[in-house]
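**Q** Residues per chain are reported as follows:
Protein chains: 4
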Amino acid sequence: MRVSVVGASGYTGGEALRVLLGHPRVEVAQAVSESFAGKPVWKAHPNLRRVTDLAFSAPDELRPADALLLALPHGTTMRRLAAYASKAGLLVDLSADFRLRAAEDYARYYEVDHPASAEIGTFVYGLPELHRSELKEAARAAVAGCTAAASILALAPLVRSGLVGRERVVVDAETGSSAGGREVSRASHHPERSGAMRLYAPTGHRHTAEIEQELGLRGRVHLTIHAVEAVRGLLATAHAFPEDGVDRKALWRIYREAYGAEPFVRIVEDPTGIHRYPDPKILAGSNFCDVGFASEQGRIVVSAAIDNLMKGAAGNAVQCLNLMAGFGEREGLDFPGIHPA
Amino acid sequence: MRVSVVGASGYTGGEALRVLLGHPRVEVAQAVSESFAGKPVWKAHPNLRRVTDLAFSAPDELRPADALLLALPHGTTMRRLAAYASKAGLLVDLSADFRLRAAEDYARYYEVDHPASAEIGTFVYGLPELHRSELKEAARAAVAGCTAAASILALAPLVRSGLVGRERVVVDAETGSSAGGREVSRASHHPERSGAMRLYAPTGHRHTAEIEQELGLRGRVHLTIHAVEAVRGLLATAHAFPEDGVDRKALWRIYREAYGAEPFVRIVEDPTGIHRYPDPKILAGSNFCDVGFASEQGRIVVSAAIDNLMKGAAGNAVQCLNLMAGFGEREGLDFPGIHPA
Amino acid sequence: MRVSVVGASGYTGGEALRVLLGHPRVEVAQAVSESFAGKPVWKAHPNLRRVTDLAFSAPDELRPADALLLALPHGTTMRRLAAYASKAGLLVDLSADFRLRAAEDYARYYEVDHPASAEIGTFVYGLPELHRSELKEAARAAVAGCTAAASILALAPLVRSGLVGRERVVVDAETGSSAGGREVSRASHHPERSGAMRLYAPTGHRHTAEIEQELGLRGRVHLTIHAVEAVRGLLATAHAFPEDGVDRKALWRIYREAYGAEPFVRIVEDPTGIHRYPDPKILAGSNFCDVGFASEQGRIVVSAAIDNLMKGAAGNAVQCLNLMAGFGEREGLDFPGIHPA
Amino acid sequence: MRVSVVGASGYTGGEALRVLLGHPRVEVAQAVSESFAGKPVWKAHPNLRRVTDLAFSAPDELRPADALLLALPHGTTMRRLAAYASKAGLLVDLSADFRLRAAEDYARYYEVDHPASAEIGTFVYGLPELHRSELKEAARAAVAGCTAAASILALAPLVRSGLVGRERVVVDAETGSSAGGREVSRASHHPERSGAMRLYAPTGHRHTAEIEQELGLRGRVHLTIHAVEAVRGLLATAHAFPEDGVDRKALWRIYREAYGAEPFVRIVEDPTGIHRYPDPKILAGSNFCDVGFASEQGRIVVSAAIDNLMKGAAGNAVQCLNLMAGFGEREGLDFPGIHPA
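Protein chains in written order, with my numbering: chain U, 43 to 383; chain P, 43 to 383; chain B, 43 to 383; chain A, 43 to 383.
Next comes chain U alone, as it looks inside the complex (with noise of 0.2 Å):
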């Protein structure tokens, strides 16, 4: 299958370009720029020289292709769908253009009026964990974005077993560097940003709106992000307060329900020893999410980790077109991580 990447300079593209450039199924046909249009890939991603030959093209050389995947700044996708959609019959969307059901939404938490908003129910929230059959028939998918993603795996199993109920819900993450992407800023200058630990939206972050909507948490989602040192690595944990107490077994037998046959999602939870919860540290480059979990009276703690320009972007892109796509879940994305890292 024939994948061109669009916006590949930035480093969720990069990371998409790694991923397929490994695939069996895929053979990356186009790399697409603006800024990098005519350089050799490896001139904006050191890691893949040697690995591949392909250069940028510009954004106008553009040519059809099996699949799209779509790596471009908020608010562009929905300006140009028709333009992509004339060129591939699959289109994965990593911006947020299309991942909220509601139109108005999209005024609420980007500032913008969708352009295309009869065209948002054409895509799946691109989310295998929770949307798996429906991205098996899309043709069309709306990546999760990183923070959500981390969330809403770290909560889906309590939301369904009724331990969150009629409460709020707390979300603390923390996130790396590179989540801000490749635009130099006073924010990511290293001397400021280089063991920063600070609060980076305290509140109204914009994926509160999809964790609240793929949880069906309308309103009780408090999520704050915390930006500290590191470039990769993105946790969320979620705090929920259960009316029943709830035991290690029971939040075993839930979590193990949910997620013991996902192919990315593994359960971290020890006793003993210092690898007792996830810790995105050991993820750098992998697909996988991580989630552990913790009660004491009135509160259960889950924690999800992930790299989110992996399973928090690029990785779960392709999990979503190896689904759209037909090939097995895990093509081009069996990288385990390194420890140490």
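Hints in this document: simulated from the structure, not taken from any laboratory.
If you're wondering where the values come from, they're calculated on a predicted model, not measured in any experiment.
There may be inaccurate statements among the hints.
Pairs involving identical chains hold if they fit within one copy or between any two copies, as the list cannot separate such chains.
[Stated by the list, open to error] Below, simulated DMTMM-like cross-link-like pairs (lysine to aspartate or glutamate); rule was C-alpha separation at most 20 Å, straight line:
| # | residue 1 | residue 2 |
| --- | --- | --- |
| 1 | Lys85 | Glu311 |
| 2 | Lys85 | Asp312 |
| 3 | Lys81 | Glu311 |
| 4 | Lys178 | Glu209 |
Assemble the complex: chain U is given as a structure, and chains P, B and A must be docked to it using the hints.
**A** Quick look at chains P, B and A alone, frame taken from chain U:
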């Protein structure tokens, strides 16, 4: 005033020495350490090379002094209190041994039968922002735990203003590796700890007891501690759920009233720039606690940043000592921290 | 082919397991570890959770296999060689026990009388770029030390081109913490090791012997090793002093001729951009060695970057094994590394 | 004494402000910044919040003062010298504009025709350890470059003792990100810079000129600069090649004689422990330069560690000012650094 530091080779003891060696009203009489007895102070604390000629004394060489600063493992001061009390009129204890007022809490949180429970009442909880006038009269202080100090300073103004009401409070704290102290372990092994981002104590951390005690929130504080990449920093982020709405202006008023006159608490909440919220990154070596806040429908988010060895331990201890000894509260504690750090 | 890893719970053993578990021609027969015997492999290597069901075997449970990959502390293989040789036809040893050809060098550099000096000649030095044809015929390989591998790959083309002449060579190597292995120590305690930038071995490091042997520079290599903040990375920067001038074009020709056909050595030298020189940051998990260079009047500077556990140990070992077993040299080693990392 | 800092919003200017605000003999008259004019000082330097009420002044608001500390981009002081000289009797310049004594060197190293070459002789090279008596008489100082300061302090005793002879010297310097200053760039983008370990300037760095000038080693200094993960630290490691052997005792004598009385140079060379050699990690915020050494047949290795913004810039500048103004040399510079850091 002649002050001796007992347990002076640990990280907290080292910071106590550094601060006291630069204190205009203090002469460091002895630095006591079992493991380093006889060695120069710089052997444990390389920053103090050429700053002091002092060598460590063995515990049985402890001489009478005006004040003792006790930086010992939990459980030591409670067993040797009489011996220390016989050496000095002022005792500033950095362990947890006399922080909790209810003797039964030591069994619950520290699995120990308190051997000196009759003396608990002779210690004032060492957090000047809450107990300044008592500390001025006190001969003994039990310095606040690091996570407790930050959490209490974040939440106290909200509690006093009634904004916490009868609701629970969720506190997510992120902490650097020095909080684990000087002893090596697999968890502190650099390849494992570097870049970590994981749950260290999802539930049930001992500092919960102090926070609930000081804020009068028995059974309502849910504390989770994360280990992140940092050495000194500690950031406590508290989520409170007010019954009625509260805006930025009201929060400013509440915090300004609480902390406007505090020498070591700064309010950090800017609408612009990259330093909009507290970041312990710029506090290394300083005694400041930076507090910031935000709110949304149904939730207030407050974060407090400290250096866990300074305002979280040795710096706060010297601040207490200054009050107990009648010194200026800021004396010896004027280092503002560096930027970038 | 059935391969067992002995010393499988250490960092090098763990990487060997990861690579071999993904190798298309290899079945991992056993993972042998004294300290983890009976426990699942993921207890030591959390990245391998769900990747393998293997549990560690005790040393006395070692069964015959086609090949053994020995990841043991220095001094072990030399004492147990006969036992290992009786178990498998191919031995790939990661220790220093058979790297040096002169028996007396073990006394000088490792303070040990070699108990199997008659067998030294049966091992080929495990660096395919220098010994490919011998490795194809070999049954035993002594895999290069990490600093040695990088230094030799940096310098070999210069030596062959006569640019080193009779002059000395200075090598400054910077290394991450995983080079110190799995065992905890005060030097690896996170608060001490984090952000360090110091001389680890200013003079006399053991890898000097390997570099001098392989390059034919007896007594002329001056190696200094620095510990810097990193886990995996190793950068060796060599300074050579040619008698005559040499320009960029000539250096390109020399390195292209030496490495143009090498599957795992890349030349990284760009006049523009931020990736002008090798950086081990993008090599974590990959078997690449990136080499770059520059020159000025009287000096050539060459740097080689590797992942010290991959091209510096386990990856290089598998590359040797591929040659010894007649596999494709790249098999199992296709992970390109991630960016940003 | 009234001192104004010009270029006060940069990193060097910020450290100058921090030090001067705590200086017992100095009143900071103005903090001048073009980009931050009118804003409070803490907007650029968050550590100074509540430490000073000062706001930045615009350049054209500069008033007469006793001394100016000029922390401007290279090329600015040389063009505006007359204007600054008309404002204050003492000028301490942190740029490279007056460091080199030979006017033609500015063309070679800085690609600039010096517009005030007649004034070069009015500046003393700002490194008190080499020019103390001249600085005491001077009205103008050109503060040493950060890499130069460390390299010169490492090597000067060797040169004076004749141990360098007629041989070349190789200097490998490792530097943190603050050396690049406040301006953002792709090279300083956190995802790219974090954990980097690469050649920043393999050859031809400008500081070579200062080192050669101050040590009298024209054409014999080979400097290479590496970027590593750090914000403040700078470690210069010099390799010298003595004709005759030299042992540890002789080196100790040479360095003790050179630096035993220096207030800010410490000799760090211990046979045991983890602090055997200098590490800039413990120097953040301090003005110390720690020097250590080792030797082997044919080579001496000396390393010098500094905080690049303190002894490498602002701290050294204040030390110069103290001498020029007749103050105690240590005044305002007593912060010893923290451990662990």
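**Q** Indicate, hint by hint, whether the structure satisfies it.
**A** Hint-by-hint comparison with the structure:
1. Lys85 to Glu311: For Lys85 and Glu311, only the inter-copy Cα distance (12 Å) is at most 20 Å; the intra-copy one is 41 Å.
2. Lys85 to Asp312: between (43 Å within a copy, 9 Å between copies)
3. Lys81 to Glu311: between (46 Å within a copy, 16 Å between copies)
4. Lys178 to Glu209: So Lys178 and Glu209 fail the 20 Å test inside a copy (34 Å) and across (44 Å) alike.
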